[in-house]
Amino acid sequence: MTEESTWIQRAREGDQNAFGRLVVAYQTPVYNLAYRMLGNKVEAEDAAQEAFLRAYTHLRSYDPNRPFRSWLFSIASHYCIDRLRRRRITWLPLEDEFAEPYLMTNKSPNPETVTSQREQEEQVQSLLGTLSPTDRAAITLRYWYDCSYEEIAEMLNLTVSAVKSRLHRARRALASSIEGESAYAMQTG
Amino acid sequence: MQCKQASEMMSLWLDGRLESTEVALLDAHLAECETCRAEWHGLQALDSLLASAATIETPVRMRVQVMMRLERRDQARRAIIGGTALTLGTVALALLLVAPALLGLLDALGIAPALIRGGPTTLLHLLDVGETLGRTYIGLIGRLIIPLIILGLCGMTSALALNGLWIGALRRLRASR
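Sequence lines, in order, name chains X and B.
Everything in the first sequence is counted per my numbering, starting at 300 for the first residue and increasing by one.
Everything in the second sequence is counted per my numbering, starting at 277 for the first residue and increasing by one.
What you were told as hints is all true, and nothing was included just to trick you.
Partial selection, computed: residues in chain X whose CB lies under 8 Å from chain B:
| # | residue |
| --- | --- |
| 1 | 315 |
| 2 | 330 |
| 3 | 331 |
| 4 | 334 |
| 5 | 351 |
| 6 | 419 |
| 7 | 473 |
| 8 | 477 |
Cβ pair distances, simulated, as ranges:
| # | chain 1 | residue 1 | chain 2 | residue 2 | range |
| --- | --- | --- | --- | --- | --- |
| 9 | B | 375 | X | 386 | 53 to 63 Å |
| 10 | X | 449 | B | 444 | 28 to 38 Å |
| 11 | B | 416 | X | 315 | 50 to 60 Å |
| 12 | B | 333 | X | 362 | 30 to 40 Å |
| 13 | X | 361 | B | 300 | 38 to 48 Å |
None of these hints come from the bench; they were simulated from the model.
In this text the structure is predicted, and so the values were computed from the model without any measurement.
Beta carbons are placed, not taken as given, at the ideal position from N, Cα and C, and that holds for glycine.
With the sequences and hints as input, model every part of the structure.
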């Protein structure tokens with residue numbers, strides 16, 4: 300039995316400290332998933348916490364034969380998708396929407412690198428923001444978590460062929476957006 | 277190869293899902309089709325942009341916040357269970373205490389028409405009966421106080437047990453969703 304499965308087993312028996320270990324182990328991927336999905340660090344933090352709470356509540360329904368990571372990401376993705384759908388009728392504070400995230404790479408970068416990274420980060424989030432919630436989840440899981448088509452299908456309750464076509468469609472849409480941005484930049488000088 | 281098929285294959289290629297023979301076919305198509313070549317370059321640019329996006333640092337208080345929210349939720353749940361059990365127990369106890377008076381009231385309603393027909397003499401008799409009933413009631417309460425307390429405790433225990441079953445059923449329902 301691995302250390303992780305021991306924590307899961309103990310957490311299922313109601314040991315909150317063991318669950319705390321799982322939170323520490325998965326807080327970065329779950330928070331990043333929420334951030335890529337929601338594009339807002341305040342909302343991402345709240346969504347990540349909520350995903351962990353839901354995981355704790357439904358821990359008894361977790362099948363130990365499945366990877367815990369997939370199960371947890373599935374909960375977080377679905378929660379973020381629901382939140383994005385609800386967001387259509389909710390106003391968000393602008394300062395949070397565009398709050399700058401703290402990047403983990405380059406602890407002491409020079410100002411030029413920081414500006415470049417920030418611009419790149421804004422571009423990525425603005426591109427992701429053009430996708431539907433489910434397409435956004437599929438792209439996020441594929442690029443930042445290196446999930447296979449089968450894993451994405453299981454996490455998002457889709458068929459493998461649906462994942463393929465969603466990724467294809469999303470990539471084409473994103474590439475067109477980049478092309479459009481470049482053309483606009485060239486026109487405006 | 278059709279351009280539509282080539283476009284679908286590009287995405288698969290980026291994900292490493294193409295066989296070497298399919299890669300060769302796509303490569304040949306890209307060499308002769310300018311539109312698909314432009315699309316391929318666009319997809320490659322997107323691929324490197326997304327792949328280069330850095331990991332965002334997690335807020336340091338994440339674990340503490342999750343544990344605090346768990347604790348708050350447990351406290352709220354305990355308060356709901358305790359409050360519901362107490363309310364149900366009190367209601368059960370109150371019903372047990374009021375039951376004899378309610379039964380007496382029902383009997384009185386049954387003799388009301390006879391009272392109206394009898395006039396003032398019947399009212400005097402009724403006062404006598406009321407006095408006797410009052411004494412009997414006080415006597416009964418004195419004798420039944422211990423059984424009533426036991427019944428009240430049983431009521432509270434049953435309420436607690438029912439509450440436990442109800443919350444268990446709710447949990448199972450939520451888990452099955």
